[in-house]
Amino acid sequence: MRKLLYLILGVMALASCDLHTYSNGQLDGYWHLKEIDTLSTGGIKNLSTVSSFWSIEGKLTKVGSVFFLHERYSDTLRLYAPYIHIHNWHQDSLLKNTDPVRTFGINSLNEHFKILHLSGSNMILRDSLLQLNFERY
Amino acid sequence: MTNGQIRVQNNRFIAWHLGFDGYLNARMNERGEVQSDNLLSYRVLTTFQKGWGTYKVPYLPVQNDFSMLLELNYTFKHGWNVKGALGLDAGKIYGNNKGFQLSVVKVGIL
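Protein chains in written order, with the working numbering: chain H, 34 to 170; chain V, 888 to 997.
Derived by calculation from the structure, the hints in this document are not laboratory data. Please read all numbers here as calculations on a predicted model, not as lab measurements. Just so you know, not all the hints are guaranteed correct.
Claimed, not checked - Calculated cross-link-like contacts (lysine-lysine; reagent style BS3-like; alpha-carbon spacing at most 25 Å):
(1) Lys92(H) - Lys943(V)
(2) Lys979(V) - Lys67(H)
(3) Lys67(H) - Lys937(V)
(4) Lys78(H) - Lys943(V)
(5) Lys993(V) - Lys67(H)
(6) Lys147(H) - Lys92(H)
(7) Lys943(V) - Lys95(H)
As the list claims (entries may be wrong) - Just a sample of chain V residues kept apart from chain H, beta carbon distances all over 12 Å, derived:
(8) Gln892
(9) Leu911
(10) Val949
(11) Asp952
(12) Ala972
By construction, the Cβ of each residue, glycine as well, lies at the ideal position given by its N, Cα and C atoms.
Please work from the sequences and hints to get the whole structure.
This is the structure we're talking about:
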């Protein structure tokens with residue numbers, strides 16, 4: 034009887050586990066934004082010596098102090114629902130404007146980038162205004 | 888670090904190391920062993936490193952560095968031994984440095 038009880042408890046314990054794994058393939062990683070091209074003017078902003086990073090893992094993309102949720106559909110990367118992280122997790126708040134992320138090449142709170150190139154070492158994203166050139170770091 | 892701070896500056900790196908040693912005038916005795924007196928030997932250690940800094944404070948851009956040790960050792964009779972070593976760093980991680988070491992060793996009773 035006791036063995037049966039242990040078996041039932043064991044099955045219940047295992048059934049309560051829910052393991053989630055997310056892999057975004059080559060998109061996952063620590064990306065240095067090394068260049069921003071303004072499509073309308075052809076201007077190029079060189080950021081090769083500027084600390085400007087995107088971190089992508091699981092369902093989140095971290096840009097500076099801001100966390101976006103992301104979704105990828107084929108060659109499109111959508112960033113949305115940005116929360117800004119201030120000091121501790123209890124003070125996180127929904128981002129109201131793009132000021133904190135504009136220098137990282139993001140000009141919308143619901144941004145859609147086309148993935149022009151993605152490899153183990155480089156990534157190129159483009160929206161209607163900008164082309165962002167990254168190197169994996 | 889050489890700026891007076893105690894912190895890890897570079898924990899994300901790839902390094903390739905090559906080392907080898909040998910004799911320049913080896914002579915064998917009748918038992919097939921290398922004769923230990925009047926023997927000139929060498930040792931070369933080289934490392935090439937590519938560093939990304941840390942996640943918190945990355946190197947921008949990625950930094951490279953080359954380090955090398957070249958050592959010559961001469962063993963005289965009666966346990967005397969003279970060794971000269973040249974070490975150098977070249978690159979932006981450790982900077983450009985060089986140093987020389989000379990040692991004289993006597994093994995046994997003077």
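Agreement of lysine 993(V) and lysine 67(H) with the hint, judged by alpha carbon distance not exceeding 25 Å:
Cα-Cα ~58 Å, so violated.
Check on aspartate 952(V) being off the interface with chain H, judged by Cβ distance over 12 Å
Non-interface label on aspartate 952(V) holds, nearest chain H Cβ at 18 Å vs cutoff 12 Å.
Below or equal to 25 Å on CA atoms is what counts here, so check lysine 147(H) against lysine 92(H).
With a Cα-Cα distance of about 18 Å, the restraint between lysine 147(H) and lysine 92(H) holds, given a limit of 25 Å.
Tell me if the straight-line CA distance from lysine 67(H) to lysine 937(V) falls inside 25 Å.
holds, 18 Å
Checking the smallest CB distance to chain H, is leucine 911(V) really beyond 12 Å?
holds, 43 Å
Verify the proposed pairing of lysine 943(V) with lysine 95(H), using a straight-line Cα cut of 25 Å.
holds, 14 Å
If we take the beta carbon of valine 949(V), is the closest beta carbon in chain H still more than 12 Å away?
violated, 8 Å
25 Å limit on alpha-carbon distance, applied to hinted pair lysine 979(V) and lysine 67(H):
holds, 20 Å
Is lysine 78(H) within 25 Å of lysine 943(V), Cα to Cα?
Measuring from Cα to Cα gives roughly 23 Å; hence the hint holds.
Just want to verify: glutamine 892(V) was marked as not at the interface with chain H; is every Cβ pair farther apart than 12 Å?
Holds, because the least Cβ-Cβ distance between glutamine 892(V) and chain H comes to about 18 Å, which exceeds 12 Å.
Taking only the CA atoms, is the gap from lysine 92(H) to lysine 943(V) under or equal to 25 Å?
holds, 22 Å
Taking C-beta pairs only, is alanine 972(V) more than 12 Å away from all of chain H?
Answer for alanine 972(V): holds, closest chain H Cβ roughly 36 Å.
The structure does not agree with the numbered hints 5 and 10 stated previously, though it agrees with the rest.
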